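Student: The residues making up each chain are set out below.
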Amino acid sequence: MREITFSSAIVEALKEEMRRDHRVFVMGEDVGRFGMIYIAKPELWKEFGDERVRDTPISENSIIGFALGAAITGLRPVADIMFCNLMTLAMEQIVNQVAKVRYMFGGKIKVPLVIRSSLGGLRLAAAQHSEHLEAWFTHVPGLKVAIPSTPYDAKGLLKTAIRDDNPVIFFEHQLLMPTSGPVPEEEYVIPFGKADIKREGRDITIISYALMVHRVLKSAEAVANEGIQAEVIDLRTLSPLDKETILKSVEKTGRLLIVHQSCTTGGFGAEIAALVAEEGFELLTTPIQRLGALDVPVPYSPVLEDYVVPNEQKIAEKIRGMVNQ
Amino acid sequence: MKGQPKMMLQLYRTMLMIRRFEEKAMDLKARQIIAGLLHLYIGEEAVATGVCASLRKDDYISSTHRGHGHCIAKGGDVSLMMAELLGRQTGYCQGKGGSMHIADIDLGILGANGIVAAGMPISGGAALSIKMRGTDQVVACFFGDGGSNTGAFHESLNMAAVWKLPVIYVCENNGYAISVAQSRACSVRDIYLRKDAYGIQGCAVDGNDVLAVYEAAKEAVARARHGEGPTLIECKTYRWRGHYEGEADRTYTYRTKQEIEEWMEKCPIKRFQKRLAEAEILDQKGLNQIEKEVQEELEKAVQFAQNSPFPEPQEALKGLYAE
Numbered sequence: 001m002r003e004i005t006f007s008s009a010i011v012e013a014l015k016e017e018m019r020r021d022h023r024v025f026v027m028g029e030d031v032g033r034f035g036m037i038y039i040a041k042p043e044l045w046k047e048f049g050d051e052r053v054r055d056t057p058i059s060e061n062s063i064i065g066f067a068l069g070a071a072i073t074g075l076r077p078v079a080d081i082m083f084c085n086l087m088t089l090a091m092e093q094i095v096n097q098v099a100k101v102r103y104m105f106g107g108k109i110k111v112p113l114v115i116r117s118s119l120g121g122l123r124l125a126a127a128q129h130s131e132h133l134e135a136w137f138t139h140v141p142g143l144k145v146a147i148p149s150t151p152y153d154a155k156g157l158l159k160t161a162i163r164d165d166n167p168v169i170f171f172e173h174q175l176l177m178p179t180s181g182p183v184p185e186e187e188y189v190i191p192f193g194k195a196d197i198k199r200e201g202r203d204i205t206i207i208s209y210a211l212m213v214h215r216v217l218k219s220a221e222a223v224a225n226e227g228i229q230a231e232v233i234d235l236r237t238l239s240p241l242d243k244e245t246i247l248k249s250v251e252k253t254g255r256l257l258i259v260h261q262s263c264t265t266g267g268f269g270a271e272i273a274a275l276v277a278e279e280g281f282e283l284l285t286t287p288i289q290r291l292g293a294l295d296v297p298v299p300y301s302p303v304l305e306d307y308v309v310p311n312e313q314k315i316a317e318k319i320r321g322m323v324n325q
Numbered sequence: 326m327k328g329q330p331k332m333m334l335q336l337y338r339t340m341l342m343i344r345r346f347e348e349k350a351m352d353l354k355a356r357q358i359i360a361g362l363l364h365l366y367i368g369e370e371a372v373a374t375g376v377c378a379s380l381r382k383d384d385y386i387s388s389t390h391r392g393h394g395h396c397i398a399k400g401g402d403v404s405l406m407m408a409e410l411l412g413r414q415t416g417y418c419q420g421k422g423g424s425m426h427i428a429d430i431d432l433g434i435l436g437a438n439g440i441v442a443a444g445m446p447i448s449g450g451a452a453l454s455i456k457m458r459g460t461d462q463v464v465a466c467f468f469g470d471g472g473s474n475t476g477a478f479h480e481s482l483n484m485a486a487v488w489k490l491p492v493i494y495v496c497e498n499n500g501y502a503i504s505v506a507q508s509r510a511c512s513v514r515d516i517y518l519r520k521d522a523y524g525i526q527g528c529a530v531d532g533n534d535v536l537a538v539y540e541a542a543k544e545a546v547a548r549a550r551h552g553e554g555p556t557l558i559e560c561k562t563y564r565w566r567g568h569y570e571g572e573a574d575r576t577y578t579y580r581t582k583q584e585i586e587e588w589m590e591k592c593p594i595k596r597f598q599k600r601l602a603e604a605e606i607l608d609q610k611g612l613n614q615i616e617k618e619v620q621e622e623l624e625k626a627v628q629f630a631q632n633s634p635f636p637e638p639q640e641a642l643k644g645l646y647a648e
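Listed in order, the protein sequences are those of chains A and B. Quick note on the working numbering: the first sequence kicks off at 1 and runs consecutively. Quick note on the working numbering: the second sequence kicks off at 326 and runs consecutively.
Worth flagging that the hints you see were computed from the coordinates, not collected in a lab. Given the structure is predicted, the values throughout are model-derived calculations rather than measurements. Note that the Cβ used here is the ideal one computed from N, Cα and C, for glycine as well. You may find that some hints are simply not true.
[Unchecked claim] Which residues of chain B face chain A? A partial, calculated answer using Cβ under 8 Å:
hint : residue
1    : G436
2    : R458
3    : G476
4    : A647
[Stated by the list, open to error] DSS-like, lysine-lysine: derived pairs with alpha carbons at most 30 Å apart:
hint : chain 1 : residue 1 : chain 2 : residue 2
5    : A       : K15       : B       : K456
6    : B       : K489      : A       : K15
7    : B       : K456      : A       : K243
8    : B       : K643      : A       : K108
9    : A       : K108      : B       : K595
10   : A       : K318      : A       : K198
11   : B       : K489      : A       : K41
12   : B       : K489      : A       : K46
13   : A       : K108      : B       : K349
Based on the sequences and whatever the hints tell you, model everything.
Tutor: So this is what it looks like as structure tokens:
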């Protein structure tokens, strides 16, 4: 199978869906001639022009509000918020409007709207460009949240998001953009709410998503040499959440570690921990553990950043600690 | 005026329907038959009526927390509205929205809104959709003097202007953002002057003169339909009631009784009634007839609402996502 980058997979998904459905269009800051800041591929604009690949002013709240207005009057917008710290500027529209209008209005309208945003920070991007705010959006009923870790998943999930009649927050990790992986030429979509078991194992279940999946896999390889068989699950979507796959795996391993890049307190790991504590407590042989970033803003200096964000060594230590108790 | 008596009577009837609807709601709230928050439009009827009279059925509006008048003027069903205020299954939103979230997409009503100025970007998006779909619809976006101080106002007017979108921005300047007088919160006395910041057309009108509002809106609608972009119309009017029903004890801390009474003298309905009488379009008999019809329709609406069941509790879990 051919290999393409994560960012190419995103562009391909958008291109295919825009060709397939004339109601689909892209709007956001620097999406046109610049081809999106973290992707920098102006192919979409070259094919579809200013009208359907619409550069906007720096007006995040209105990018979302305008996209919402278009979505409830017959179009299927894909709004681009450059990176997730800028989602804070659009929270009014996302939380009060996008997530709620269908429900508040009695279920009579559809909101086919995708909000794409990047997250996680390039190295040395510091506190205002490195946030990982996915948990915020899982706390708001009415939003779906997708967060792929591979080019294959990015393309298949984005196509599903665009065809969904509900609002989807779609996160793309900035460090994954240049990474490559197999993506078939032929058409495919990936359903929401289906986690992907990246590695099978009997000793410990490790739940992760986005960039951290790759770090977890490396750590799992490292501890495999020591005889520890870790099962690694990539959630792919947080809302809806594939509870079944999580619980089934914990039933097999008896141990649960959750790894994410967002800071630990109030992170999505807490939700998974609560789920397993409520619905699978008797399956556990050892206490659930979480490994997220330390609870500080992401610092600039590489020494500090490495200290704060989970890496392969920290993950491996955590695994050893839990299995070799 | 003499040339179009039918339309004049319709304007009158719509304003009266809004007034009487609000009075009914006020009464039901006082008797706790309506439990939720109510922001009444009494005194401002000419704005929604004049603007919506300039629109077609397939045009859109976005509304505010004080939205009953907009909904009625755009053709909303008063029975479904009343049932929603009472939290019943038969209401516009099946009891999930209440007063601040009534919408009727078939009538182009993109929703009342509980967040000040939040309808502004949404109406801009509807206008963008119109432009991209290539129809000649327009959007009327209602907001208040308070809303004109938000970031959403600035972002929306800038984007609508730069993309030449068919929006009529209707600022209902009723003098107060809850308790804060416009003079204490707004950098300009005339909000329509903010048009110059966006290079768009705009004007101020007497918001208690339904014909003045209608004429200004008609001009703006024509511009919008012809691809000439948005207009900012400031309608100077006044809210007779408190910010919300039940505010009475606080009203005189931020405005005087005298001020309220002076504005009540400028009642948009009485004024228009007088003009219709002078133009011999509406005599006492005709007046009584309209009053009777409006009252009957609202009686039916209240009965419909009161006779309607509350939703089953588990209905709360339905309708969040489209299948």
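Student: Each hint: holds or not?
Tutor: Now the hints, each set against the structure:
no. : hint            : result
1   : G436            : 6 Å, holds
2   : R458            : 6 Å, holds
3   : G476            : 6 Å, holds
4   : A647            : 4 Å, holds
5   : A:K15 - B:K456  : 22 Å, holds
6   : B:K489 - A:K15  : 27 Å, holds
7   : B:K456 - A:K243 : 43 Å, violated
8   : B:K643 - A:K108 : 11 Å, holds
9   : A:K108 - B:K595 : 38 Å, violated
10  : A:K318 - A:K198 : 19 Å, holds
11  : B:K489 - A:K41  : 28 Å, holds
12  : B:K489 - A:K46  : 23 Å, holds
13  : A:K108 - B:K349 : 27 Å, holds
When each numbered hint is compared with the structure, violations occur for hints 7, 9.
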